[in-house]
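Peer 1: One letter stands for each residue in the lines below.
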Amino acid sequence: MTSTPAVDDFVKSDYEHGFVTEIESETFPPGLDEDVIRAISARKGEPEFMTEWRLKAFRHWQGMAKPTWAAVDYPPIDFQAISYFSAPKRPEDAPKSLDEIDPVLRETYDKLGIPIEEQKALAGIAVDAVFDSVSVATTFRATLAEAGVIFCSISEAVHDYPELIQQYLGSVVPHTDNFYACLNAAVFSDGTFVYIPKGVRCPMELSTYFRINARNTGQFERTLIVAEPGSYVSYLEGCTAPQRDENQLHAAVVELVALDDAEIKYSTVQNWYPGDAEGRGGIYNFVTKRGDCRGARSKISWTQVETGSAITWKYPSCLLRGEGSIGEFYSVAVTKGRQQADTGTKMIHLAPNTRSTIVSKGISAGRSTQTYRGLVRIGQRAAGARNHTQCDSLLIGDRCTANTLPYIEVKHPGARMEHEATTSKISEDELFYCRSRGLGEEDAVSMIVNGFCKEVFNELPMEFAVEAQKLLSISLEGAVG
Amino acid sequence: MLSVKGLRAKVGDEEILKGLDLTVRPGEVHAIMGPNGSGKSTFAHVLSGRDGYEVTDGAASLDGVDLLALSPEERAQQGLFLAFQYPVELPGVNNTYFLKAALNSIRKARGEEELDAVSFLRLIREKLKILHLDDSLLKRAVNVGFSGGEKKRNEIFQMALLEPKLAILDETDSGLDIDALRIVAEGVNALRSPERSVILVTHYQRLLDYIEPDVVHVLYKGRIIRTGGKELALELEERGYGWIIDEEHAA
Amino acid sequence: MTAASDFTSWLDGGRTVSDGPAWLADWRARAAQRARVLGVPGRKDESWRYTSLSALLEQDFRPAAGPALPAASALAPALITGFEPHRLVFVNGDFVAALSTSGALPEGVRLGSLRERLATDPGALEGRLGRVAGAQAPLFSTLNAAGFQDGAALLIDPGVALEQPIELLHLSLGDTGAILAQPRHCIVLGEGARATLIERYLGLDGAGVCTNAVIEVTLGQGAELRHERLQDEGAASFHLSTLHLDQAPGSRYRGVNIGLGARWARTELHCGCAGRGAECDLQGLYLAGDGQLMDYHLDVIHSVPECTSRENFKGILYGRGRAVFDGRVLVARDAQKSDAAMSNRNLMLSEQAEIDTKPQLEILADDVKCSHGTTVGQIEPEMLFYPRARGIAEPLARRMLCLGFAGEIIEALSHEALREQVTEQVGARLEQASG
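Residue numbers (the working numbering), protein chains in the order written: chain A, 1 to 481; chain B, 1001 to 1251; chain C, 2001 to 2435.
These aren't lab readings, by the way, just hints derived from the structure by calculation.
Check each hint, because a few of them may be wrong.
[As the list claims (entries may be wrong)] Mimicking PhoX-like on lysine-lysine, the simulated pairs with C-alpha atoms at most 20 angstroms apart in a straight line are:
1. A:Lys-454 - A:Lys-425
2. B:Lys-1108 - B:Lys-1018
3. B:Lys-1005 - B:Lys-1221
4. A:Lys-425 - C:Lys-2369
5. C:Lys-2044 - A:Lys-425
6. A:Lys-346 - C:Lys-2044
7. B:Lys-1010 - B:Lys-1221
8. A:Lys-56 - A:Lys-66
9. A:Lys-66 - C:Lys-2044
10. C:Lys-2369 - C:Lys-2337
11. B:Lys-1221 - B:Lys-1018
12. A:Lys-470 - A:Lys-454
Work out the full structure: start from the sequences and follow the hints.
Peer 2: Written out as structure tokens, the structure is:
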């Protein structure tokens, strides 16, 4: 690709904004101790408070045991065999061209209609920049700055907004929360910080921008979104195209804080490499996501479409602490091959008149295992709390497993809680009806499954809803029959 | 018998009844008509003591007893009966048990003896006949699995059993086919007596072909804007509500 | 009194059935050993997540030194007019022949004391006693295996239909101290046999007794059992009961569990549909009032194709009542055409009541129809208004609606006299609650 001034600007502007972390091409030797933590912190030029924060987490982590309760099965991870700081891949190590990429992956890119340059980026091939995106990205930055929205990397935020970081980082997911969240706190590589000032409605979906830029944030990603009173933001992470990564273990942490009357809509499309047909080489995705509805009438809404990863372990949750606050969880998860997903949500009602909605649609095919694990807790102060939960599982093929494991704890009689769950295979009647109208079996399945997931797709931002449907159809190809 | 003066009531922040006056004498049948949203059902609910309505002003009394100070059951015990527009289903609650509890509560309040099982069943069979209801109904749960028509007939059957002084029929005609409507009307007519008054809350004139009212009122925006004889209903049927509303606005 | 650290005291000093065949002694010794190994389950144990054993550990329940010998009049309050079953009476876990009236049984039905059966005809129970519970039984079932005093043995030959119900009537009498009662019942229905079995557990003097009962049920091909369990122990009592059910092809089990009494009650229902086309219907009603805990664990396993199960449990909580519902339906690999529907509905009547419910589906086959539904709520205001508008005072209207809610389960009882009795008991408890 020829270099043009616009591309140069773009690259420079990235460095200026610190989104692509400037580091030397080097990788720490595998292993984890306090020196490594200090070195990570030093390398990122972090202030003292951040180094201490990481060390505290690390010391706690050393005393923790790996969680074993999830219905997933994988060989033990040797945490001393992982390198906790690695520079972005040097061009000479990366695949040289798309010809070196798994042909199955390429086929999928083509089906999704992803431009060739973006395909290269996704596959980890060294590219300079995606030309078309330059002007778009620059426009975004200007628009956001005008609205007073802060949208930058966590590393940058640590330097530029230390008071916000100190106030909010770890305030929703403390390092003591769980094994992987604690590890993340100690070694997190980078991630995203979003701050929406009081009364501001973020002028755009924070999605397209992210999609182009947020690569190489590494395996221990950390996201923090703070919505001040009366503000609104819609944030989308991930991408419908399958993403490859050399790091097998991913342990991200996402923290959301919504103050009075604020609303955060967080949508995820996760399509990490699930490994080959036998599940080899797939990503382990152990994520801690939690939203804190700290303010009265605040609202946090999680929407996710999960089709990737070899193993997923993820429970986007809402702490409903503000009176009248609302938590929502809409999820579609598709597993096939040897994929294992243990996912769900927690809705913790701590204040009066809080409301939550859970809609979970699971589709398991092949030899995959999928578990919905959810907790609805209605505390002693949560008068008038309401929850409605709908969990449906669809089974394709007789070698897969679908578990539905809800936990419901109600300590206030003024609460109203309804939970419904069903597990079945695709209705023969529906299939027959479609086929008698001339649809092929695969199309019929895809249509029925899309209908099954409709409620969730409706919650996605428009452009992604369309892509997610396409992704779902592609994911199911070959799973039928 | 019933005296309502300057009745005002709110649902949430919205005032629905805005100074309603109505007097019903013993033995009279009054029809309250009006367009949707005029406050007809609210009036029926406020009189019967349903939650969710706040009476802000005015008075309502039945034979001199202040209704507004009473709980719903006390109003029923005083002789007020509401035939519900949408009778509620009570799963698992046996109809016979329910009716017996209701009748005996009311009899007790009137200072009468509670009925024993035998005389209760005799009474109930007699009343069932009026409404052409099968006694299999007695074994079922209250309103559960009843068709729309059965529910409405069951309401009038309860009225026959409980013998109220004043019955308010809230859109009892809605959702009824012509045969069911005739049965319901016959039931109501059979219960007309010089001591018993009836208020028919209805949207359509149709019911009034079968139950002839003594007085017809038009309710609009929470007030009665016109009162007349049964011919008023016919006029409404022909001309709709628009003209009265126009005249009201002009006045 | 200091809290015990485990339940090993339950293993000591009991009047267990020690004489008898070698297989029996062997089995019991293994159970005792296993009970010691299992120790006390904690909150990390999924099936004890919401249930603390500390209240039970604080008590010092011991097997009684000898059987209680109550006068015949002790039975009077337990009898239900119009209900005339074949009756075996157990007092604190011991069979009391003098109070029992097993009457004339049809040919092919053997009913009597388990202890006696083991002494006179152990062959009839070999390979049956302990078989359904298996070697991996949970703690309290294992403790019972090691320490049961007596129980009922009911063996029905193939093709025999027993019309008159059989009642196992358990009376708890605590006047001789904190007694541990451990009855164990062994029920075997041959191919095509039919019977109705009622278990009642009553506390007549309000004293604190701990019952740890186990019942093993084997249903032969096409056999049908109606099994109804009414628990109305005294307010200071602890009650543990475990059902182990094994169903052959085409058999039908219809169970109703009514839990009203005891301070702390845990019921475990382990049901295995190991025969094609078996049907298992579990209904339950529990009331939990002040200081009571009602804890239900269902483990329904569809291990072969074409089995149907229904799990329908309803709870009414008031005062400081607590309930736990932990229901699990597992459809094993290749158990195609499984049909399971689980429902748990709860009415909360007071500010301090608490419910933890965990309806779980684990599905490893695809051609299945499985669902569960759970609700927690109060009486709907419009439902309460309707009877009030008919002149019925609020407390009665409330009670009427609660009884209506409970009625669905009570209706499932086989015998009119029992339905009336339970309706009355539920009504009385609700009246007390609102009083």
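Peer 1: Between Lys-2044 of chain C and Lys-425 of chain A, is the straight-line Cα distance small enough, at 20 angstroms or below?
Peer 2: The hint is violated at about 33 angstroms.
Peer 1: For the pair we were handed, Lys-425 of chain A and Lys-2369 of chain C, check the Cα-Cα distance against 20 angstroms.
Peer 2: holds, 8 angstroms
Peer 1: Tell me if the straight-line CA distance from Lys-1010 of chain B to Lys-1221 of chain B falls inside 20 angstroms.
Peer 2: holds, 12 angstroms
Peer 1: For a C-alpha distance cap of 20 angstroms, please report whether Lys-2369 of chain C and Lys-2337 of chain C respect it.
Peer 2: holds, 7 angstroms
Peer 1: Lys-346 of chain A and Lys-2044 of chain C were given as a pair; does the straight-line alpha-carbon distance stay at or below 20 angstroms?
Peer 2: holds, 18 angstroms
Peer 1: Take a quick look at whether Lys-1005 of chain B and Lys-1221 of chain B sit within 20 angstroms of each other, Cα to Cα.
Peer 2: Judged against 20 angstroms, a Cα distance of about 16 angstroms means the pair holds.
Peer 1: Compare the distance between the alpha carbons of Lys-56 of chain A and Lys-66 of chain A with 20 angstroms, and conclude whether the hinted pair is satisfied.
Peer 2: Holds, at roughly 18 angstroms.
Peer 1: Within 20 angstroms, alpha carbon to alpha carbon, are Lys-470 of chain A and Lys-454 of chain A?
Peer 2: holds, 13 angstroms
Peer 1: Can you confirm whether the C-alpha distance between Lys-1221 of chain B and Lys-1018 of chain B stays at or below 20 angstroms?
Peer 2: holds, 7 angstroms
Peer 1: Sort out whether Lys-425 of chain A lies within 20 angstroms of Lys-454 of chain A, counting only the CA atoms.
Peer 2: Judged against 20 angstroms, a Cα distance of about 17 angstroms means the pair holds.
Peer 1: Would you mind confirming whether the straight-line C-alpha gap from Lys-66 of chain A to Lys-2044 of chain C stays at or under 20 angstroms?
Peer 2: Roughly 15 angstroms separates the two Cα atoms, so the pair holds.
Peer 1: Does the structure keep Lys-1108 of chain B and Lys-1018 of chain B at a Cα separation of 20 angstroms or less?
Peer 2: Violated: Lys-1108 of chain B and Lys-1018 of chain B sit about 36 angstroms apart, past 20 angstroms.
Checked against the numbered hints given earlier, this structure breaks hints 2, 5; the rest are met.
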